[in-house]
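Asker: Protein sequence lines correspond, in order, to chains A and B.
Going letter by letter, the first sequence gives residues 170 to 595 in the working numbering.
Going letter by letter, the second sequence gives residues 417 to 828 in the working numbering.
Possibly wrong hints are sitting among the right ones.
[Stated by the list, open to error] Which bits of chain A does chain B cover? Going by a derived footprint, with three or more residues having C-beta under 8 angstroms, they are: (1) 222-234; (2) 484-498; (3) 588-594.
[Unchecked claim] In silico SDA-like cross-links for lysine to any residue, where the CA-CA straight-line distance does not exceed 25 angstroms: (4) K600/B to Q339/A; (5) K622/B to S219/A; (6) K333/A to E798/B; (7) K758/B to Q339/A; (8) K333/A to D609/B; (9) K595/A to Q481/B; (10) K600/B to E224/A; (11) K590/A to R438/B; (12) K538/B to H481/A; (13) K590/A to A433/B; (14) K595/A to H472/A; (15) K590/A to V540/B; (16) K538/B to M390/A; (17) K459/B to G578/A; (18) K622/B to E224/A; (19) K174/A to W610/B; (20) K216/A to K758/B.
Hints were generated in silico from the structure; no laboratory data involved.
Ideal Cβ positions, reconstructed from N, Cα and C, are used throughout, including at glycine.
Below are the chains, spelled out letter by letter.
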Amino acid sequence: MNSIKTVAILGASGTVGSLSGGLMAQNGLKVYFLSRTQQGSERGLQKAISQARSELIAHNIVCGDYEHLLKEAVAEADWVVEAVAEDVGIKQQMHERVEVYKKPQTIVSSTTSSLPLSELVKGRSAEFKKNFLSTHFYNPPGRMPACEITGIEETDPAIVDFMKVFLVNQLRRAIIPVKNIPAFAGNRIGFVLFGRITSLVLEFGVEMTDYLIGPYTGRLMAPLATIDLVGLDIHKAIIDSLNKHTKDAMHSWLAVPGYINTMLQRKLLGYKTKGGFYKKLESGKYVFFDPATCDYIPAIEPHVAFVEKAKHFTRMGMYREAFETILSAQGREAEVVKNILCAYVAYSYSLVGEVTDSRVGIEGIDDVMSYGFHWAAPSIIVEVLGGPDATARLLSQNGFEIPDALKAGLKSHFNIINSGKYFVAK
Amino acid sequence: MKNDAVYIIGGYQTDFARNWARENKHIAAMMREAYQGSVEATKLDAGDIKAAFIGNFAGELYCTQGHLGAFFVDFDRRFAGLPTMRFEAACASGAMALLSAMAHIEAGIYDLICVIGVELMKSVDSAKGGDFLGTAAWYEKECVGIEFPFPKLFGKLGDEYDKRYRLDNKYLARIAEINYSNAKNNPNAQTRDWYMSFDHACTTGKYNSVIIGRIKVTDCSQITDGAACLYLASQSYAAKYAASRGLKIDGIPKIEGWGHTTAPMEFARKIADSAKGQYVLPMTRKAITDAYHRAGIKDCWELDAIETHDCFTTSEYMAIDHFGLTKPGESWKAIEDGIIEKDGKLPINPSGGLIGCGHPVGATGVRQLLDAYKQVAGTAGEYQVPNAKRVATLNIGGSATTNVCFIVGGNG
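Only chain A is shown next, with the shape it has when bound in the complex (with noise of 0.2 angstroms):
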């Protein structure tokens, strides 16, 4: 493989499919946009022209659906991206259908990270597998530059090499090679502490809840908010593959409580039903889903004076002071504060090695939760905690096991001057 000149993009109705299919149109590419169905894709099309903030992109794209246009897409394609719904049958039939049509060498890559990748080729020839990889896109991909990439176990080593230098030079984007394991780095980590603040409405209710972990703990959003943005299928859909496929220290926090269920059953998904942890009113304010009852309540304005204070320092630039203030907070709402912080610091420690490789220490997957989530990077969190040593006796008395890479003091690249960004006075 030489070079990409034409991509075809499987799913580009979808926002991954048609905004990265976007990436590649504006590069100059050639980009089939292909779905079930022509208006379909033209969806996509249109999702790709704002993205770039310009019509003339359209002049790369051929829209299309599978019926009329896959065999010719896919027998020009030096790449074909695989963003089909997160469905294992539905992946297998595409990946089957694919293989009729494509040149030998073509890459064909999924965008999935929640389901194994190899169950997702069975069936398929030797050379299919050679050239088959995942690369994982984070939502919006024009502002989350991360895309993990990992190939399977018969993937030629020099494909995804290749793909490495291709996804940085041609599309911007910061690759972090992962190990094949289900949700890869980023959504591991972030959906179990999803799952674990899920539970937290139990006990402070939503509006509470996202208010102590709110931006100001080194998030571009509060966390459940994120999740309204995300979809609580989705969410949910993510939490039972790591419930399924992954098994460590922290499976306990993937528990799903009853209320996020009711919350499926009623459609109540997030922004995308205009309804979630969230529901904006026609008078512009909020209201906020009760796990009691099951219904919306007003908003109670929460004011925790060690919140405001940290918040208040942050806003100044003070990321040190901001976290000083945290930790010398006391109470239960202090407590659980801590508590979170404390569960990203050790778990992301604790899969350096697992999920990404061990040489390329915490740096991994510091890419990954700044450039995929726009959470400040565990080394930084570790850095406003006061330090490794400080951090370790932190983990101790909140009752976390200290990784031996926050041990080793792992270096990275991010430091507070250049990570403000991620701290937000919210």
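With chain A's structure known, arrange chain B on it following the hints.
Answerer: For chain B alone, kept in the frame of chain A given last:
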């Protein structure tokens, strides 16, 4: 003791793609990061800093905060009592802080001054922001009732070129394309991940609407939030700094020349005054030639790059002939011949300029000098112009009312 030379000891630029207003940050947080980043970048001893000069256009308007120098003393306990000042000349506010810092060093008052340019602008919507920017022109005469006064004024600059010499808008589109392309190599540029092409810049439509006259969205630099910080030092401090790092002082860039002029506030009067001359904006030309004279160079061909004030494509078009790359009115030739491109004979805005890098108004002049420093020091990374030894900057305030040109060199 009077000093003859003013040296630059490096600095730091914040990421101009960031939205500090959305982060709910105070403008002082941006100053703090710029300062902390500059100490990290230069490894100098903060205790050596004798004064802090702040360039800022309109903190009072955008974030209800003036008196910005006072925030600096909170950045380090050793700064208690430190002299600080704030400077304003619209988009040339950063250059004002630099010029004053230079003068203080030349006069022997201080030997190391921290200069910060800063602006937080995303705190208001574009209409309100456009109105605030109008205070950089003659507000009552040129801005009342006009939503975006500066696109109108710089559109008139293009109109004047068209009237005197003819101007094909395709050259303006090419200027936009080059700046966006250069910005892709700059990790702190606002537009580094934005889509742009020559065809897009030529297109008019939903995503490239006409602001006014010949000025479309792609002809404009974008307002943003940002700060830049650098250190100006006396020769004795620079020598001490170099020696402590095993460097020769010749390896530390210095300001070789500068020019500073002020034209009448009203744009129409500028144009009327220049009607009989060759240069459309003679006071801008004078700032440049004064800098050449002070630097002891005869023309632009002794420069290796230029960081100019492309607040609009028309202002870069103007800068090309005013710097002397072409005869007056023939800027298009330098564009057509590829002279201003990154690999051209005299690259303009390898950083991406204001169009590519972003234009946080009060920060721009300092950012330009920092980029000139980086080029001469050989630390500009992916946007380094090979073997750059001398780089000029042009920072203008208002409709080319305040004009400041610096020439940085000295990489021995």
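Asker: Hint by hint, note whether the structure agrees.
Answerer: Quick rundown of the hints versus the structure:
With a cut-off of 8 angstroms between beta carbons, the segment 222-234 of chain A has 5 residues touching chain B; three or more are needed, and the interface restraint holds. With 4 residues having a beta carbon nearer than 8 angstroms to a beta carbon of chain B, the segment 484-498 of chain A meets the requirement of three or more and the stated coverage holds. With a threshold of 8 angstroms between beta carbons, the proposed coverage of the segment 588-594 of chain A by chain B holds, since 5 of its residues qualify and at least three are required. Restraint check: the Cα-Cα separation between K600/B and Q339/A comes to about 12 angstroms, which is no more than 25 angstroms; the hinted pair holds.
For the suggested pair K622/B and S219/A, the alpha carbons sit about 10 angstroms apart, so the restraint of at most 25 angstroms is met. At roughly 19 angstroms between alpha-carbon atoms, K333/A and E798/B fall within 25 angstroms of each other, so this suggested pair holds. This hinted pair checks out: K758/B and Q339/A have alpha carbons roughly 19 angstroms apart, not beyond 25 angstroms. Of the pairs offered as hints, the one joining K333/A and D609/B holds, with about 18 angstroms between alpha carbons and a cut-off of 25 angstroms not exceeded.
Note on K595/A and Q481/B: the hinted pairing holds, with a Cα-Cα distance of about 20 angstroms set against a maximum of 25 angstroms. Of the pairs offered as hints, the one joining K600/B and E224/A holds, with about 21 angstroms between alpha carbons and a cut-off of 25 angstroms not exceeded. Of the pairs offered as hints, the one joining K590/A and R438/B holds, with about 10 angstroms between alpha carbons and a cut-off of 25 angstroms not exceeded. Distance restraint check for K538/B and H481/A: the Cα-Cα separation of roughly 20 angstroms lies within the 25 angstroms cut-off, and the hinted pair is therefore satisfied.
Restraint check: the Cα-Cα separation between K590/A and A433/B comes to about 10 angstroms, which is no more than 25 angstroms; the hinted pair holds. Between K595/A and H472/A the CA atoms are separated by roughly 12 angstroms; this keeps the pair inside 25 angstroms, and the hint holds. A distance of roughly 19 angstroms separates the Cα atoms of K590/A and V540/B; the hinted pair therefore holds under the 25 angstroms criterion. For the hint pairing K538/B with M390/A, the CA-to-CA distance comes to about 19 angstroms; that is within 25 angstroms, so the pair holds.
For the proposed pair K459/B and G578/A, the alpha carbon gap of about 23 angstroms is at most 25 angstroms, so the pair holds. Distance restraint check for K622/B and E224/A: the Cα-Cα separation of roughly 8 angstroms lies within the 25 angstroms cut-off, and the hinted pair is therefore satisfied. Restraint check: the Cα-Cα separation between K174/A and W610/B comes to about 21 angstroms, which is no more than 25 angstroms; the hinted pair holds. A threshold of 25 angstroms between alpha carbons decides the hint, and for K216/A with K758/B the separation of about 33 angstroms lies outside it, so the pair is violated.
Violated hint: 20 only; the structure is consistent with all others.
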